[in-house]
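Colleague: Based on the sequences and whatever the hints tell you, model everything.
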Amino acid sequence: MNNENEMKYGRDTNRVELYRVVPRSVPFAIGITPSDICNFKCNYCNQSTVEGIKDAQILKWEDFITITQQIEDLLEKGKDDLKIIRLIGNGEPLVNRKLPDMVAYLSEKKYAKRIEVTTNGSLLTHEYSDALIDAGLTRLLVSVQGTTKEKYKEICGYNIDIDKFVDQIKYFYEHKKQCGLYVKTVDVALTGNDDEKKFYDTYKPICDVVCVEKVMNACADVDYSKVTSEDINHVTRYGGEFKKKICCDTLFMYFNIHSNGDVDCCGCKYPPLYIGNVYNTPISQLWNGERHKAIMLKHLMGRRCDIDLCSKCSSIDSFDSFPEDNLDEHLDEILKKVELL
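Be aware that the sequence shown starts at 1, since it is given in the working numbering, and climbs by one per residue.
Bear in mind the hints are in silico, worked out from the structure with no lab data behind them.
Hints may contain errors.
Unchecked claim - Okay, the calculated beta carbon distance ranges per label pair:
1) Val21 to Asp161: 43 to 51 Å
2) Met301 to Leu123: 40 to 48 Å
3) Asp101 to Asp167: 20 to 28 Å
4) Pro205 to Asp130: 18 to 26 Å
Unchecked claim - No more than 25 Å apart at the CA atoms, straight line, and that leaves these computed lysine to any residue pairs for SDA-like:
5) Lys170 to Thr138
6) Lys83 to Leu273
7) Lys77 to Glu108
8) Lys113 to Leu141
All C-beta atoms, glycine included, are put in the ideal place defined by N, C-alpha and C.
Modeller: Here it is in structure tokens:
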């Protein structure tokens, strides 16, 4: 199937040229992990491995409040605004039953313009959907793991009622109010063009954006040769040309807070490169601190391979940066700015 007109991006395409606005006193997006525990064991995710996810736990409400207070402190001290808060992570956010309360709290505080949740959608009910929508969620991203119960079992080891699952997605779409709905899957969860067509035919009428992504070599403990027979090191997440990059752009844009308080500035990578812990050091000092600065400088000087995890990371190439995000042609210019921090 030629899905050139079907393929949509899961990220905002209205972008400023990143080199013009970095370094930033506040990241573009902050990710908060409501749960590192997942009810799926997707074969392309570290959840499926013996190693699993380190210190997997559910984020406690009092720890969530501590994190939000630190975000408020960061915004008060910084001169830039925060675009998005993502309730996301290596687990399933809906496992945390306080999730609607978290969305409502963030919505009331107005820390960011958008509040997003990324989920496998299996725990959605009409009541849970209503609670998220009424809380002020601005976008729900649902990751689908196949078009049949057999494929779900193969990909993530989960017994799903497909008809009931689709009904829950349809319900959310019909009641979503201010909330956008993005439905995606990965190529390894589909079997041939007919299955891809079935995916689009099923979800395109009941969501705002639909997409098939390419599986990424994102988890260190996953043997991707057992996941797909294709060479995944030649095409990017959204099907673009795989280009080697010198400098990681996510390092300058994103800040992720895990349920145990560890933080990183990576994109789709596990394990990520941690730069500290919010329960030991405030977010404002981590984002604008020496550890983050030192990593940025090494990337800008073309020395990212001096950092062990960065030297092994292929997400820098496969995450599919937009042209506006690529910093490689402006490294000296940005380096001078970062050195002055």
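Colleague: Work down the list of hints and note, for each, if the structure agrees.
Modeller: Cross-check of the supplied hints:
no. : hint                         : result
1   : Val21 to Asp161: 43 to 51 Å  : holds (46 Å)
2   : Met301 to Leu123: 40 to 48 Å : holds (45 Å)
3   : Asp101 to Asp167: 20 to 28 Å : holds (25 Å)
4   : Pro205 to Asp130: 18 to 26 Å : holds (21 Å)
5   : Lys170 to Thr138             : holds (17 Å)
6   : Lys83 to Leu273              : holds (23 Å)
7   : Lys77 to Glu108              : holds (20 Å)
8   : Lys113 to Leu141             : holds (17 Å)
Going down the numbered hints, you'll see the structure goes against none, and every one checks out.
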